[in-house]
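Q: Residue strings, one per chain:
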Amino acid sequence: MAHIAILGSSYSAALYRNKDENEMQKLPWAERIPLTSITAEFIPVIKDNKNHWVNLLEKKYPQHTFCIFAEGGSGWEYAQQVLHMLSEQTMYDRVIVELCDYRAIILSQDIAFKKLKTVKMPVKHYIPNPNPETYMPGTPVSYQSMIDEIKECKSLTTQNDKTILHYAETPYVFSTDVLEYMVRSVMSPVYTTRYRNYLSSLINVWPKIFDRVGLWAYEPFNIPYPVSFNANKEYFDNKMQYFEETAIEKWIREDPINNSIDSWKDMYYGFDGSHLNKEGMFLLVDFLLTQHSIQKVLE
Amino acid sequence: MAKIAIIGSSYSKCLYSVGDEPDMTDWSLKERIKWAKEEWPLAFILQNYEKHWVNLLAKKYPQHEFHIFAKGGAGWEFSEIVLHRVAELKFDRVIVELQEPRLMLYNKESSDGKYSLKEFMLNDNYLEDNKFRSKETSVFNYHAGLFEDLNIAHICFNRYRAVNQQVKDTVQWQRERNEHFSHSKTLPAYTDDVVNYIATNIIGPVYAIRYRQFLLSLKTVWPNVFDKVGIWAYIPINLPWSELDLHAEIFGDELKIFEDTAVEEWIRKDPINNSIDTFKSKYYGIDRAHANEEGMQLIVDFLLKQPSIQKVLK
Chain A
1 MAHIAILGSS YSAALYRNKD ENEMQKLPWA ERIPLTSITA EFIPVIKDNK
51 NHWVNLLEKK YPQHTFCIFA EGGSGWEYAQ QVLHMLSEQT MYDRVIVELC
101 DYRAIILSQD IAFKKLKTVK MPVKHYIPNP NPETYMPGTP VSYQSMIDEI
151 KECKSLTTQN DKTILHYAET PYVFSTDVLE YMVRSVMSPV YTTRYRNYLS
201 SLINVWPKIF DRVGLWAYEP FNIPYPVSFN ANKEYFDNKM QYFEETAIEK
251 WIREDPINNS IDSWKDMYYG FDGSHLNKEG MFLLVDFLLT QHSIQKVLE
Chain B
300 MAKIAIIGSS YSKCLYSVGD EPDMTDWSLK ERIKWAKEEW PLAFILQNYE
350 KHWVNLLAKK YPQHEFHIFA KGGAGWEFSE IVLHRVAELK FDRVIVELQE
400 PRLMLYNKES SDGKYSLKEF MLNDNYLEDN KFRSKETSVF NYHAGLFEDL
450 NIAHICFNRY RAVNQQVKDT VQWQRERNEH FSHSKTLPAY TDDVVNYIAT
500 NIIGPVYAIR YRQFLLSLKT VWPNVFDKVG IWAYIPINLP WSELDLHAEI
550 FGDELKIFED TAVEEWIRKD PINNSIDTFK SKYYGIDRAH ANEEGMQLIV
600 DFLLKQPSIQ KVLK
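If you read the protein sequences in the order shown, they are chains A and B.
Using this note's numbering, count along the first sequence one by one with no gaps and you end on 299.
Using this note's numbering, count along the second sequence one by one with no gaps and you end on 613.
I should point out that these hints are in silico values taken from the structure, not numbers from a laboratory.
Bear in mind that the values here come from a model prediction, so they are computed numbers and not experimental data.
Hints may be right or wrong, so weigh each one.
Claimed, not checked - In the DSSO-like style, the derived pairs of lysine-lysine whose C-alpha atoms are separated by at most 27 angstroms in a straight line are:
{"no.": "1", "chain 1": "B", "residue 1": "K527", "chain 2": "B", "residue 2": "K610"}
{"no.": "2", "chain 1": "B", "residue 1": "K302", "chain 2": "B", "residue 2": "K350"}
{"no.": "3", "chain 1": "A", "residue 1": "K208", "chain 2": "B", "residue 2": "K518"}
{"no.": "4", "chain 1": "A", "residue 1": "K208", "chain 2": "B", "residue 2": "K389"}
{"no.": "5", "chain 1": "B", "residue 1": "K604", "chain 2": "B", "residue 2": "K568"}
{"no.": "6", "chain 1": "B", "residue 1": "K359", "chain 2": "A", "residue 2": "K239"}
What the hints assert, rightly or not - Which residues of chain B face chain A? A few of them, derived with a C-beta cut under 10 angstroms, are:
{"no.": "7", "residue": "E379"}
{"no.": "8", "residue": "I497"}
{"no.": "9", "residue": "T519"}
{"no.": "10", "residue": "P570"}
Backbone N, C-alpha and C fix where the C-beta goes; we use that ideal spot for every residue, glycine too.
Model the full structure from these sequences, guided by the hints.
A: Following this line, the structure appears as structure tokens:
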């Protein structure tokens with residue numbers, strides 16, 4: 001029997017559902033409501049743990065206990081901190097780490113590392129409170145596009161606009177020059193080297209701390225600006241498969257004429273048009289069971 | 300024979316002195332402090348390797364190779380990057396020097412996303428070109444290539460002044476220094492909003508958690524990666540702006556602070572005449588912060604008494 005910690009982003013945190021999801025599921029995936037625009041007041045999100053892939057795995061491997069430390073919106077920095085926290089607590093002998101797109105913690109709030117909440121299921125959930133704000137560049141970005149994207153998000157329209165951020169412990173001003181410094185830091189070689197070292201540690205460091213380390217990727221995890229660094233090639237010999245790409249490829253191969261990327265997303269994305277629905281969770285379990293390092297963790 | 304990586308700040312890099320150093324023999328303490336405060340910031344710094352403590356250790360332990368990856372001004376974030384790299388390079392042992400938490404600052408030219416990550420630090424070229432320091436000892440010196448070229452700056456903190464003021468002053472000092480020595484790349488002038496953002500971040504929980512986890516990793520993570528890990532500190536390592544006592548929590552009595560220990564011993568020898576200031580006048584260079592030639596011998600003596608360092612040198 002092993003204690004397995006699950007690390008990652010929203011793809012590993014829960015199955016996101018909504019009371020009107022059956023209706024929304026009828027819409028093309030791109031017309032569904034993105035989770036990022038949802039607030040609890042408008043469209044409440046239900047976190048379904050029972051039909052989540054971790055619980056499905058737990059049913060197949062009841063000899064192990066699973067504890068979820070994944071957090072929606074988080075990226076590699078958060079996962080790195082959780083790995084350190086787990087190594088300190090020595091409660092978990094194995095870990096499954098999900099790699100996702102490149103993300104950066106841009107604002108620091110409170111991250112508490114001592115809260116474990118047991119839901120009425122064999123899978124435990126870890127609750128951080130509250131979350132740091134994370135920036136997730138979508139497509140390959142430049143310095144200016146990153147600036148523009150965050151500016152839009154923070155409603156900074158002119159050079160002199162300022163927003164006071166009150167939710168940080170010490171409220172502070174968020175202005176264009178702050179934003180420029182922030183982006184400069186995120187795009188600097190120091191920051192990207194830290195990301196590179198995180199990936200390196202999954203191969204060179206953490207397997208010496210935990211009994212088994214399982215790795216998988218929902219989507220490509222390269223740095224989205226041109227830094228001459230191919231993460232998959234450098235650390236995984238280009239052998240790390242991406243769940244979404246693999247699943248879509250298989251879907252199209254099954255019926256090349258009728259199936260497409262969009263039809264796959266229509267079918268397997270949930271009400272928010274970006275996370276898997278209940279059916280998609282089974283695909284994910286099938287994928288994970290074909291991944292060598294995950295098989296080792298589940299042995 | 301073991302390959303030992305030396306990781307840390309200026310305290311581990313070399314013996315520093317100043318070009319055209321004034322003769323301070325007859326200077327009063329007040330005059331010396333004034334010079335260190337007013338003249339040193341723009342002084343031309345010289346680096347000596349022969350009399351540095353690593354070279355002295357290498358003479359005592361010729362069976363080992365010592366590879367210096369320390370960098371002046373750098374703190375734990377730089378050390379963490381180096382630890383990952385020397386792990387990839389399959390070093391056997393490391394000696395890590397701790398100091399107060401420091402912050403890296405990025406210069407605009409380093410941040411357009413157009414650089415080769417492989418060239419950033421400890422790239423293959425300069426691993427090949429590393430300088431063999433001395434014919435007598437197996438000490439190698441590494442230059443952090445692009446890291447230096449991009450003029451990435453570091454901020455050191457003390458407990459007596461507001462964090463944002465220290466950020467502001469350090470940026471201003473680095474700009475003046477770069478101007479004085481005609482460095483082509485310099486830090487931008489930061490507005491108060493930016494300085495406050497930097498200060499807010501550094502005193503925030505994410506930074507504190509990362510720093511705590513770095514310290515803890517020296518006990519729980521890196522000893523599983525390297526054959527031996529030696530740890531020492533030149534100056535206190537706690538967060539100056541926090542009540543957290545990370546030193547006590549993580550290391551307890553295992554970790555001794557060189558400066559505290561040496562000063563205590565100095566005062567015990569002659570409690571009436573000896574003081575911190577007289578210690579600095581005798582064992583530190585004219586910057587009153589880094590050990591001079593005599594001070595280097597004190598560091599060696601101190602290191603040889605630290606159990607974790609003894610194990611590395613075996």
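Q: Hint by hint, note whether the structure agrees.
A: Each hint tested on the structure:
1. K527/B to K610/B: Holds. K527/B to K610/B sits at ~7 angstroms (cutoff 27 angstroms).
2. K302/B to K350/B: The hint holds at about 21 angstroms.
3. K208/A to K518/B: Satisfied, since the Cα-Cα distance of roughly 14 angstroms is no more than 27 angstroms.
4. K208/A to K389/B: holds (14 angstroms)
5. K604/B to K568/B: Given pair K604/B, K568/B holds - Cα atoms ~19 angstroms apart, limit 27 angstroms.
6. K359/B to K239/A: Given pair K359/B, K239/A is violated - Cα atoms ~48 angstroms apart, limit 27 angstroms.
7. E379: holds (8 angstroms)
8. I497: holds (7 angstroms)
9. T519: Cβ of T519/B sits 5 angstroms from chain A, so the hint holds.
10. P570: violated (42 angstroms)
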